[in-house]
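Protein chains in written order, with our numbering: chain A, 1 to 334; chain B, 1 to 334; chain C, 1 to 334; chain D, 1 to 334.
Please keep in mind that the hints were generated in silico from the structure rather than gathered at the bench. Do not rely on the hints blindly, as some may be mistaken.
Because identical chains share one entry, a pair is satisfied inside a single copy or across any pair of copies.
Think about it this way: if two alpha-carbon atoms lie no more than 30 Å apart in a straight line, the pair counts; the simulated DSSO-like pairs of lysine-lysine are [claimed, not checked]:
no. : residue 1 : residue 2
1   : K148      : K202
2   : K325      : K79
3   : K202      : K305
4   : K74       : K152
5   : K79       : K328
These figures come from a predicted structure and were not determined experimentally.
Residues per chain, in single letters:
There are 4 protein chains.
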Amino acid sequence: MIIQIQKGATDIEVLHISEAVQSIGYTYNDIKTQFGRYLICIGKKEIDLRKIGFLPGVADVFKVSDAYKLTSTKWKVGKTAVDLGDGIRIGNGEFQIMAGPCSIESEEQIISTIEHLKANGIKIMRGGVYKPRSSPYSFRGLGMDGLKLWYKLAKENNIKIITEVMQVSQIAEMHDYVDIFQVGARNSQNFNLLDELGRVDKPILLKRGMSGTIEELLQSAEYVFSNGNEKIILCERGIRTYETAYRNTMDINAITILKDKSHLPVVADPSHGVGVRKYVDKIALASIMAGADGVIMEVHECPQKAFSDGQQTLDYGQSENLIKKMGKARELIA
Amino acid sequence: MIIQIQKGATDIEVLHISEAVQSIGYTYNDIKTQFGRYLICIGKKEIDLRKIGFLPGVADVFKVSDAYKLTSTKWKVGKTAVDLGDGIRIGNGEFQIMAGPCSIESEEQIISTIEHLKANGIKIMRGGVYKPRSSPYSFRGLGMDGLKLWYKLAKENNIKIITEVMQVSQIAEMHDYVDIFQVGARNSQNFNLLDELGRVDKPILLKRGMSGTIEELLQSAEYVFSNGNEKIILCERGIRTYETAYRNTMDINAITILKDKSHLPVVADPSHGVGVRKYVDKIALASIMAGADGVIMEVHECPQKAFSDGQQTLDYGQSENLIKKMGKARELIA
Amino acid sequence: MIIQIQKGATDIEVLHISEAVQSIGYTYNDIKTQFGRYLICIGKKEIDLRKIGFLPGVADVFKVSDAYKLTSTKWKVGKTAVDLGDGIRIGNGEFQIMAGPCSIESEEQIISTIEHLKANGIKIMRGGVYKPRSSPYSFRGLGMDGLKLWYKLAKENNIKIITEVMQVSQIAEMHDYVDIFQVGARNSQNFNLLDELGRVDKPILLKRGMSGTIEELLQSAEYVFSNGNEKIILCERGIRTYETAYRNTMDINAITILKDKSHLPVVADPSHGVGVRKYVDKIALASIMAGADGVIMEVHECPQKAFSDGQQTLDYGQSENLIKKMGKARELIA
Amino acid sequence: MIIQIQKGATDIEVLHISEAVQSIGYTYNDIKTQFGRYLICIGKKEIDLRKIGFLPGVADVFKVSDAYKLTSTKWKVGKTAVDLGDGIRIGNGEFQIMAGPCSIESEEQIISTIEHLKANGIKIMRGGVYKPRSSPYSFRGLGMDGLKLWYKLAKENNIKIITEVMQVSQIAEMHDYVDIFQVGARNSQNFNLLDELGRVDKPILLKRGMSGTIEELLQSAEYVFSNGNEKIILCERGIRTYETAYRNTMDINAITILKDKSHLPVVADPSHGVGVRKYVDKIALASIMAGADGVIMEVHECPQKAFSDGQQTLDYGQSENLIKKMGKARELIA
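Only chain A is shown next, with the shape it has when bound in the complex (with noise of 0.2 Å):
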């Protein structure tokens, strides 16, 4: 069950109607966001809301059965768009692609992905400067540095920076200098790290995990929102499955059904989902089908000299083409 409290509720009322809530056998978890406080109540009895419903301070109780409950579509019907600044929102009608390289490597690589951005309409740059890598050998980004630069590049050109942050230790130190912080599939269920970033009053991007499920990464996302944090964006990735043609297999069903079961908007990554620079194009377009509020990519001047480039990065030419076929799949859509 969720209570929502009214705006203005006084402390005396909550408290009231968190008794309430424990003389039925419940117990509860007070949520203050930045938009509102909800009461989570769990147990097991079946009740009847409207005794709930009539309680000063409450404006409205809704019965959620799923394992995730705020961010579910069953007390929110209406669908969330985030906000990420300068009016640029996602979600809720409004779509966004964001695209970038793998990793952050130099001044004038940031300074052609930007201008490649700009010349398309595109007001999201993703890139990485901590970088999850499987072996402890390979480069793991420029890090803060090279986030520093990016910053002061993306600020002039009025370009948001979406960016992994892989550990608590560092949501501070980026914290001035990220506009959307992205969590990784490895980090998917990295708890600590969830709830450090519902305390953050920043966009939050959260992949889908190598093999989670769709109610696994809205129970993640309840991490974050139950800590404070309201604006998340909800990621699919690819999964692991048996099929070795492509390297992860894009779950676009995940999409359609997020977008059902969740008010939160939903990003597809068509570059790490199915990993093959000649597909990526119709897996994208497929993805704006299913539903999604955007897709992030990955673009190179020259993916060949990418620090990084497993094989699915696209050049500016095939950037530029997706774009517009993106634009017209909208269109369809709308």
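We have chain A already, so just place chains B, C and D on it with the hints.
Quick look at chains B, C and D alone, frame taken from chain A:
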């Protein structure tokens, strides 16, 4: 290596070609189909194709490193359109919808379905008369009686029939009443059945196995082709993964890859692919974006009353709606 | 619900029982096997088993909620031993090793294998004469000629034969030369083949599908049983997962669970299960600890020269070693 | 390539070695652990190991083509025994059982568990004080208070403690109260955590990820090793597959393969591996046959009353029984 034999080449010429092949340590299979003759040559030595190419009777020679040969784009770059009769074709730019119930149930049901198809410009009706069922105690279909009734009604209305064949002995009895033989996921590697279907001059729709790889599907198609039947349609119908939020993981990626690796037409089965009624439309549209040449889907006047409905069958209203959207999506692709 | 009919019950009695079943809204299947007669009754209403139990001709009544019925421990608590002839039995405490090459190749090979088996006290020889192959261009086995030769040599040496049957039409021709019919992973849901094998009075070894569930394997066994043949041996042979460090994921868990859910004997196939020669012994021993009633394994005088060896075939020395270790492991279990 | 540096080699000698490495176009990582010093050299050119081998300060040189290096048997053929303190060792022939509850709950529970362990000769107690939970609303463990209480009771009884660490900041606070740090499946690729655990001189038990490959597990171990800590224990705990008859697919194959590919000890977790109480014993025994150096299992005085029991916890009677059987299985292996 594939040696394409010239139309009109003499048996003596082919004998000389095959001797040349053996002389370089290769084995060969002499393949005659309704459209041509090919020698599939298997060996390990690096050879000079030109030496073979200049022999009398050789139309062309191709090096094909794929495990599948005749179904590969390595020798046939252009796309194949399969002729379904009466000018109806699928592939190479021509798109077909196949719709109908899971099981053929009654005369009323067949008539009602045909009306729905005609009202929406659909020319091919799907339906099962032999049903593969996990449990021996389940309804296994009306068999030949159902098929004959269906045939009569379909012919009167210029509707083509696609239905599943489960074993070799059914091929002869079904032959005159079927326009497309469907091979189900569970028979995807029933090699004896595939052999026999290679000896039939009717189109074969071949479904990917439950956990079949893309390569295995193409090799299964190779069985049909190498026994003489080039009229093959591939079908993606969802694979088994760890995710339980839907019935199968419709592998949209596979559609894109099959279209790249093979010249054969590819059909999407979103009904079984995602297996949840309310998600079928989005998955169908995504399949089209991924490059599908057709969609096969379950439709029933009243899905709740259908003999077998795994929660994936559309009612007529949903079907009509989706057919219109697919039309628009096709325009976008073109 | 399973109603076990008394030996010697009259048809009139069974008629009355079946009427009683129908009168409570249940459908039934009348199953006659080589060992007994059963009514499998399917319906949804809660019923009082005693009312049925008191009818003349009823030996016993069982509620079986599993999707499979006659193969379930819900009605038959004791374990089944399958009689392989000449006093050789498998299951219910009796353990058998089945060993031999992937493919039957020649008289020399058969003789050599039989000598190896006899020297190690093994009574059952495996080998393929009809081989399911992914590619139509691969060697497909020696067929009936190979089987007849093998039969002659095996009979002279009191060795039993287990070999794969791939289609219905092969059953009759193979029948007199085979002691156990093997159904391969790719035919695990070839329901027509299973139906027909239910009409044969020879043991059937049924392999789990490539991505078959434990429940599906038991339902496939139910096909054989419900058509009249109770002599069924289940076989775990590895499943498809994302891991590529070995060929298949031998699912040791499945052995334990099959032994718990079904009264039928369970055999492990470590050769295909893990698919890597040097790991076969450990996986075989683990299978025994998990409860396997037998092991089927590939052995060849010289695996490197075998017609088909997917890197999993043991040589005679390795085989002898493993057979000794399995003997000790069996003692530990006992 | 791994260059093992001689004990007592001077920094000047190592400098010269590293220069020689760079001169042939290789990059290197200078690794110092509690037991030795190594240069991990990465490059593509074929080189003559002897030229490096003769340099002063070089103990030995190894070509290691695996993605993991220091954890590979390619350079260390003998097995590693990890010292857990007070003469308790695991690996290289020494076997350990680790048993205890899912979560530490209370003083009574700790005392009861310790008594059970001592009565059965078990020296290591498992238990969670920080619990990774899919839902933010679940019990997350007693934290440091629970750990300190547990530590006091364990030390008094000469019982070692293994417990999960979830984030970098917990390492320092837990350090003095823990004998083995456990990294859970969800943190298997939390590279920052692995880096930091490489700087600790306590053994690390590293669980395979939910859908982690064998290679990824070894690469994660490489993170710990290459940061300075050689005391690593690998743990197989079941993977995600399509099968739903049990909780996870305990991958017994992985135990055998890890033992072949790496010199590190390997522990089996049958409790989470198969995840069903009544199957835990058979899977534990199978793991020993596959080569496991230890077993970690959940035990509780009354599993039904445990704070968290996913149906996999044994009661004391079941545990005692299994411990005896494991003893016998170990004798068989020896």
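Each hint tested on the structure:
Taking the shortest Cα distances, K148 and K202 sit within 30 Å of each other inside one copy (17 Å), while across copies they are farther apart (37 Å). Taking identical chains as interchangeable, the C-alpha atoms of K325 and K79 lie at most 30 Å apart whether they share a chain (25 Å) or sit on different chains (23 Å). For the homomeric pair K202 and K305, neither the shortest alpha-carbon distance inside one copy (33 Å) nor that between copies (41 Å) is at most 30 Å. With identical chains, the CA atoms of K74 and K152 are never at most 30 Å apart, being 42 Å at best within one copy and 47 Å at best between copies.
Taking CA atoms no more than 30 Å apart as the test, K79 paired with K328 passes in both settings, with 23 Å inside one copy and 25 Å between copies.
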